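Visitor: The task is simple: from the sequences and hints, build the whole structure.
Residues per chain, in single letters:
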Amino acid sequence: MIDVQNLRVSFGQGASLVHAVDGVSFSVREGETFGLVGESGCGKSTVLRALCSLNPDWTGTVSIAGAALAPVPDRAFFRRLQMVFQDPYGSLHPRHTVNTTLGEPLAIHNIPDRDRRIIEVLDQVGLGAAFRYRYPHQLSGGQRQRLAIARALILEPRVLLLDEPTSALDVSVQAEILNLLSDLRRARGLTCILVSHDLAVVAHMCDRLAVMMQGRIVEELDVAALSAGRTTTAYGAGLLAASRGYDKRLASSLTADEPGA
Amino acid sequence: MSTTDPAAPQLVVDDLHVRFRTPQRIVHAVRGVSFTVGREKIGIVGESGSGKSTVGRAILRLTAPNATVSATRMSFQGTDLAGASERDLLKVRGRRIGMIMQDPRYALDPVMRVGEQIGEALDGRGLSAAERRAKVMAMLHAVRIRNPERVYDLYPHEVSGGMGQRIMIAMMLLPEPDLMIADEPTSALDVTVRMQVLAILDELVTSRGLGLIFISHDLNLVAGFCDRVLIMYAGRIVEECRAADLAAAQHPYTRGLLASLPRIESRQDRLSVLQRDPAWLEA
Chain A
1 MIDVQNLRVS FGQGASLVHA VDGVSFSVRE GETFGLVGES GCGKSTVLRA LCSLNPDWTG
61 TVSIAGAALA PVPDRAFFRR LQMVFQDPYG SLHPRHTVNT TLGEPLAIHN IPDRDRRIIE
121 VLDQVGLGAA FRYRYPHQLS GGQRQRLAIA RALILEPRVL LLDEPTSALD VSVQAEILNL
181 LSDLRRARGL TCILVSHDLA VVAHMCDRLA VMMQGRIVEE LDVAALSAGR TTTAYGAGLL
241 AASRGYDKRL ASSLTADEPG A
Chain B
262 MSTTDPAAPQ LVVDDLHVRF RTPQRIVHAV RGVSFTVGRE KIGIVGESGS GKSTVGRAIL
322 RLTAPNATVS ATRMSFQGTD LAGASERDLL KVRGRRIGMI MQDPRYALDP VMRVGEQIGE
382 ALDGRGLSAA ERRAKVMAML HAVRIRNPER VYDLYPHEVS GGMGQRIMIA MMLLPEPDLM
442 IADEPTSALD VTVRMQVLAI LDELVTSRGL GLIFISHDLN LVAGFCDRVL IMYAGRIVEE
502 CRAADLAAAQ HPYTRGLLAS LPRIESRQDR LSVLQRDPAW LEA
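Chains A and B, in that order, are what the protein sequence lines are.
Counting from 1, one number per residue, gives the positions in the first sequence under the numbering used here.
Counting from 262, one number per residue, gives the positions in the second sequence under the numbering used here.
Since the hints were made in silico from the structure, they are not lab data.
One should not assume that every hint holds.
Said to hold, decoys possible - A few chain B positions that, by computed beta-carbon distances, are all more than 10 angstroms from chain A:
no.	residue
1	ARG292
2	GLU301
3	LEU321
4	LEU323
5	ALA328
6	THR340
7	LEU350
8	MET362
9	ARG394
10	GLY470
11	CYS502
Claimed, not checked - So the derived list for chain A, only partly shown, Cβ under 7 angstroms to chain B, looks like this:
no.	residue
12	ALA175
13	GLU176
14	ALA242
15	SER243
Values in this document were obtained by computation on a predicted structure and should not be read as measured data.
Virtual Cβ for every residue (Gly too), placed ideally from N, Cα, C.
Guide: What follows is the structure, encoded as structure tokens:
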């Protein structure tokens, strides 16, 4: 469904050239959820932004649903692929009502029957028609993220890119949103890429995952291997150990200075 | 005034209330919180809006101007904090009780070199510039910064998040306080860096015999790091337990929170969703 070969993204030029994504290859089967994990700056979000053309300066070969991804895709492309962003406080227009937010993609793509679609999608994300004329500031964080998901789904895409969809939310709200995503994924047969720094979220949602470090994939494994602690690289093992919570002995072994300190 | 018995409480908080006046209504954010802190690591956990950060700030009376703090008793090593004047509080803040904020990018002064900024904590002690510099260097070394000479002259934007948080810890420890309040000190950090910063904090707090109030939303982290945990919900402490026993917590809110966490080891089909019971507001 998604095939990425040798993806590279760089920023800056000359001495300040940074290879944020430095030759990344992976593929995602139809209906599968693929996780990208790693620490800040490893390039995981940049991969997603390249796939949805928010970052048009990339090289490599990307095909989505059998069609090669153009540097500037046509409008129809975005009916197949949509993205949900990390921060529902920043990703929704503060002066657009729920109705405007959801109506905009329909207007752009000239899709008829807007009323019915808006009410339908609000129902599916558990908000309901009563929320239709509210503004984002009248919604809680969890409700905003439901709206962001509704906005992505209203075009009925086949691929959903999720960039840290729950990291701005409390754990009880996170559980609701992850359950919602699981239900929608099942009902619509979505193919997803989930970027997260939280290995527990990835273990819960994904089938396979790749660990990124400094713009490269250092390890690819399935979730059963992650749960059993069978990582094959030292970096992956370290990330897994640090994600299991505070352990005095482990932490003391990590207190060597950061590189460049 | 300070006692040598490690178990004796240094900070006593009894029936603390914090109310915020807004144009529409009065928000009762902290509703009768009582606890004590000795020379131990105590965690306060809860979700956004539970009042955990407000408790941390109220101890030092650092709440916003529209807040009213009241308590039957709030005292630190015999000093009354609830009734103290601003002038008296200046002798407590930073000197006897330090506070570590969540994000060093905002908490550090962006236009002042790191070393000078840390050294400000020693103002008014009559130290020479050389003595002061030596103390700052020693403290940078204590938070395991390998090259203190270089870091001393950096500006906050030139250091990483983990290094920034160590700088903040160094700054807060320099006046040798007896209690530290850390409000989500590692939430902005990556997991491996988080472990490093926690290890440094753990070691310094233990070796210097400080009390630590660790405010966090992360139950797993607090369970491993702290000695004792207070769980807050809607401005009240609903449960208190030893951190090691957190997995066996009794209160339905705590149990609900724990159950809603996804786990790396085992996959559930669906996550359990917290059902809030209005009775928890009164319990």
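Visitor: Run every hint past the structure and note whether it holds.
Guide: Hint check results:
1. ARG292: 19 angstroms, holds
2. GLU301: Nearest chain A Cβ is 15 angstroms from B:GLU301, so the label holds.
3. LEU321: 25 angstroms, holds
4. LEU323: For B:LEU323, whose nearest Cβ neighbour in chain A is about 24 angstroms away, the distance exceeds 10 angstroms, so it holds.
5. ALA328: Since the minimum Cβ distance to chain A is about 23 angstroms, B:ALA328 lies beyond 10 angstroms and the statement holds.
6. THR340: B:THR340 is indeed farther than 10 angstroms from all Cβ atoms of chain A, at 32 angstroms.
7. LEU350: The claim stands: B:LEU350 keeps its Cβ more than 10 angstroms from every Cβ of chain A (closest is about 32 angstroms).
8. MET362: Since the minimum Cβ distance to chain A is about 19 angstroms, B:MET362 lies beyond 10 angstroms and the statement holds.
9. ARG394: 19 angstroms, holds
10. GLY470: 17 angstroms, holds
11. CYS502: B:CYS502 is indeed farther than 10 angstroms from all Cβ atoms of chain A, at 16 angstroms.
12. ALA175: Holds - the Cβ of A:ALA175 comes within 7 angstroms of chain B, reaching about 4 angstroms at its closest.
13. GLU176: 5 angstroms, holds
14. ALA242: 4 angstroms, holds
15. SER243: 5 angstroms, holds
Of the numbered hints given earlier, the model fails none.
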